[in-house]
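Respectively, the protein sequence lines represent chains H and R.
Positions 237 to 317 (this note's numbering) are the ones given, in order, by the first sequence.
Positions 237 to 317 (this note's numbering) are the ones given, in order, by the second sequence.
No lab work stands behind these hints: they were computed from the structure.
One thing to keep in mind: the hints can contain errors.
[Claimed, not checked] Stretches of chain H that chain R covers, calculated by requiring three or more beta carbons in the stretch to come under 8 Å of a beta carbon on chain R:
hint	region
1	237-249
2	266-280
3	290-297
[Unchecked claim] Chain H is faced by these chain R residues, among others (derived, beta-carbon under 10 Å):
hint	residue
4	Val241
5	Met245
6	Arg274
7	Ile275
8	Glu284
9	Lys295
10	Leu297
11	Val306
12	Ile307
13	Val311
14	Val315
15	Glu317
[Unchecked claim] Taking lysine-lysine pairs in the BS3-like style, the calculated list, with each CA pair at most 25 Å apart, reads:
hint	chain 1	residue 1	chain 2	residue 2
16	R	Lys295	H	Lys296
17	H	Lys295	R	Lys277
18	H	Lys256	R	Lys296
19	H	Lys247	H	Lys295
20	H	Lys247	R	Lys277
Predicted model only: the values in this text are computed from it and were never measured.
Cβ coordinates follow ideal geometry from the N, Cα and C atoms, glycine included.
Number of protein chains: 2
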Amino acid sequence: MPTIVVDVMPKAELLDPQGKAVAGALARLGVDGFSGVRIGKRFELTVERADDATLETVKKLADEILSNAVIEDVVGIEVVE
Amino acid sequence: MPTIVVDVMPKAELLDPQGKAVAGALARLGVDGFSGVRIGKRFELTVERADDATLETVKKLADEILSNAVIEDVVGIEVVE
């Protein structure tokens, strides 16, 4: 059955404390060359059909349920299988 | 500056309580056609150069720091910008 991936990230202008924590850990471990880390969510939705109607539904779900429009952006919706 | 995306998902054979909760919510909202929901993490790493050495480092970080190898799989590492 096809899988639709929805990627949700914190809004760029917001502080991302988790991302900052990981970036700090990388620096402490002596790993350089990384100027920023941001952490979001990746949803894998198994669907019966990956047709246009389903994609429309997924877009609506992504905006209304899978993400919090105040602090997050849906950055990608993709059929992967 | 280029961004490298690392996608981490719970191992397929493990129970994904968060995913189950979202799938249940979709069913209760009368949204059908979705037989499964799995939720993972999406890391966006801003790097100075997206060269092979950096990609090697990212692969190592993904396996050792950004994911818990016992319960998660790194399902994708991609330069996006």
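Evaluated hints:
Closer than 8 Å: that is the beta-carbon criterion, and the region 237-249 of chain H has 4 residues meeting it against chain R, so the requirement of 3 holds. Remark: the region 266-280 of chain H is confirmed as covered by chain R, as 13 of its residues place a Cβ nearer than 8 Å to a Cβ of that chain, reaching the required three. Residues of the region 290-297 of chain H with a Cβ under 8 Å from some Cβ of chain R number 3, which satisfies the need for three, so the listed coverage holds. Taking 10 Å as the C-beta contact cut-off toward chain H, the hint placing Val241 (chain R) at the interface holds, the least distance being around 8 Å.
Of the supplied interface hints, the one on Met245 (chain R) holds, with its beta-carbon coming within about 7 Å of a beta-carbon of chain H, less than 10 Å. Because the beta carbon of Arg274 (chain R) sits about 4 Å from the nearest beta carbon in chain H, less than 10 Å, this interface hint is met. Against a cut-off of 10 Å between C-beta atoms, the interface hint on Ile275 (chain R) holds, since the closest Cβ of chain H lies about 6 Å away. Given hint, Glu284 (chain R) at the interface with chain H, holds; its Cβ is 5 Å from that chain's nearest Cβ, closer than 10 Å.
For Lys295 (chain R), the shortest C-beta to C-beta distance to chain H is roughly 12 Å, which exceeds 10 Å, and the interface hint is violated. The beta carbon of Leu297 (chain R) is positioned within 10 Å of a beta carbon in chain H (closest approach about 7 Å), and the interface hint is therefore held. This hint is violated: Val306 (chain R) has a C-beta 19 Å from the nearest C-beta of chain H, more than the 10 Å allowed. The beta carbon of Ile307 (chain R) comes no nearer than 15 Å to any beta carbon in chain H, farther than 10 Å, and the hint placing it at the interface is violated.
With its C-beta approaching chain H no nearer than about 8 Å, Val311 (chain R) sits inside the 10 Å limit, and its interface hint holds. Violation of the interface hint for Val315 (chain R) is found here, the shortest Cβ-Cβ separation to chain H being roughly 14 Å, above the 10 Å cut-off. Interface restraint check for Glu317 (chain R): the shortest CB-CB distance to chain H comes to about 12 Å, outside 10 Å, so the restraint is violated. For the suggested pair Lys295 (chain R) and Lys296 (chain H), the alpha carbons sit about 34 Å apart, so the restraint of at most 25 Å is broken.
A C-alpha spacing of about 19 Å is found between Lys295 (chain H) and Lys277 (chain R), which places the hinted pair at or below 25 Å, so the restraint holds. This hinted pair checks out: Lys256 (chain H) and Lys296 (chain R) have alpha carbons roughly 19 Å apart, not beyond 25 Å. Between Lys247 (chain H) and Lys295 (chain H) the alpha-carbon distance is near 18 Å, which keeps this suggested pair within the 25 Å criterion. Between the alpha carbons of Lys247 (chain H) and Lys277 (chain R) the distance comes to roughly 15 Å, so the proposed pair stays at or under 25 Å and holds.
The structure is inconsistent with the numbered hints 9, 11, 12, 14, 15, 16, although it conforms to all the rest.
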